[in-house]
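**Q** Residue-level listing of the chains:
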Amino acid sequence: DAMVIQNPRYQVTQFGKPVTLSCSQTLNHNVMYWYQQKSSQAPKLLFHYYDKDFNNEADTPDNFQSRRPNTSFCFLDIRSPGLGDAAMYLCATSRYIGGIGQPQHFGDGTRLSIL
Amino acid sequence: QKEVEQNSGPLSVPEGAIASLNCTYSDRGSQSFFWYRQYSGKSPELIMFIYSNGDKEDGRFTAQLNKASQYVSLLIRDSQPSDSATYLCAVKGAQKLVFGQGTRLTINP
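Chains as they are written, first to last, in this note's numbering: chain A, 518 to 632; chain B, 8 to 116.
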């Protein structure tokens with residue numbers, strides 16, 4: 518089945534220790550997104566790639582970076598995680614065919630804990 | 008005013024009844040509207056999407072859109088305990104998908 522896969526499902530890291538979360542997709546979608554979701558809050562868009570074009574949200578901290586080496590993979594790097602970065606990180610994909618937005622399909626998420 | 012507003016709930020509905028979830032949005036130029044279901048600790052799952060005014064039905068789910076009133080709703084008929092979840096309304100404006108805070112729905116057996 519075509520899908521969005523995130524690894525790992527659970528990640529524990531130490532305060533200030535860099536961490537990388539990964540996302541892969543078999544949907545061949547040209548847009549990939551990273552969201553942060555904290556408990557009882559709406560998902561918050563961090564950034565997205567339209568093909569290789571990177572689009573950062575204005576309020577995304579510099580501590581968060583992303584890489585998309587090819588269509589299928591996208592990575593979220595947190596350079597120096599703080600306690601406030603503990604959250605569920607969601608990867609999503611969609612097709613962009615202009616105009617009307619297409620549905621976004623989410624992976625299962627990575628729950629990040631900071632010690 | 009929030010860009011996308013939902014009744015925060017929680018909303019409690021007896022099993023077999025109709026659950027009605029409401030959402031309003033501020034960007035009059037929005038063209039795409041989505042409903043996601045999210046179980047506790049899980050990721051959002053797409054339930055319905057709607058682009059045109061009127062109703063769109065898929066099984067027990069009906070999405071309703073009224074662009075003049077900037078209002079979109081989700082009806083769940085014959086509610087089941089497995090429908091208990093948080094429902095997120097999401098609206099695509101000019102730039103990005105904006106999520107509401109979600110409505111927590113509980114179906115009571």
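None of these hints come from the bench; they were simulated from the model. Some hints here could point you the wrong way.
[As the list claims (entries may be wrong)] Below 25 Å or equal to it, Euclidean Cα-Cα: the simulated BS3-like pairs (lysine-lysine) are:
#1 B:Lys63 with A:Lys534
#2 B:Lys103 with A:Lys561
#3 A:Lys555 with B:Lys63
#4 A:Lys534 with B:Lys103
#5 A:Lys555 with B:Lys74
#6 B:Lys103 with A:Lys569
#7 B:Lys74 with B:Lys103
#8 B:Lys74 with B:Lys9
#9 B:Lys74 with B:Lys49
#10 A:Lys569 with B:Lys63
#11 B:Lys103 with B:Lys49
#12 B:Lys9 with B:Lys103
On a predicted model such as this, the values are computed, not experimentally measured, just so you know.
**Q** None of the hints should be skipped; say for each whether it holds.
**A** Consistency of the hints with the structure:
Under the criterion of a C-alpha separation no larger than 25 Å, the hint pairing B:Lys63 with A:Lys534 is inconsistent with the structure, at around 48 Å. For the given pair, B:Lys103 sits about 11 Å from A:Lys561 by alpha-carbon distance, which is consistent with the 25 Å threshold. Annotation: proposed proximity of A:Lys555 to B:Lys63 is violated, straight-line Cα distance about 31 Å (limit 25 Å). Restraint check for A:Lys534 and B:Lys103: not satisfied, since their Cα atoms lie roughly 31 Å apart, outside the 25 Å limit.
Of the pairs offered as hints, the one joining A:Lys555 and B:Lys74 is violated, with about 30 Å between alpha carbons and a cut-off of 25 Å exceeded. For a cut-off of 25 Å, the pair hint linking B:Lys103 to A:Lys569 stands: about 17 Å separates their Cα positions. Between B:Lys74 and B:Lys103 the alpha-carbon distance is near 18 Å, which keeps this suggested pair within the 25 Å criterion. With a C-alpha separation of about 17 Å, the suggested pair B:Lys74 and B:Lys9 falls inside the 25 Å cut-off, and the hint holds.
Between B:Lys74 and B:Lys49 the CA atoms are separated by roughly 31 Å; this puts the pair beyond 25 Å, and the hint is violated. As the CA atoms of A:Lys569 and B:Lys63 are separated by approximately 35 Å, the hinted pair breaks the 25 Å bound. Between B:Lys103 and B:Lys49, the direct Cα distance comes to roughly 22 Å. Compliance with the 25 Å bound is thereby established for this hinted pair. Under the criterion of a C-alpha separation no larger than 25 Å, the hint pairing B:Lys9 with B:Lys103 is consistent with the structure, at around 15 Å.
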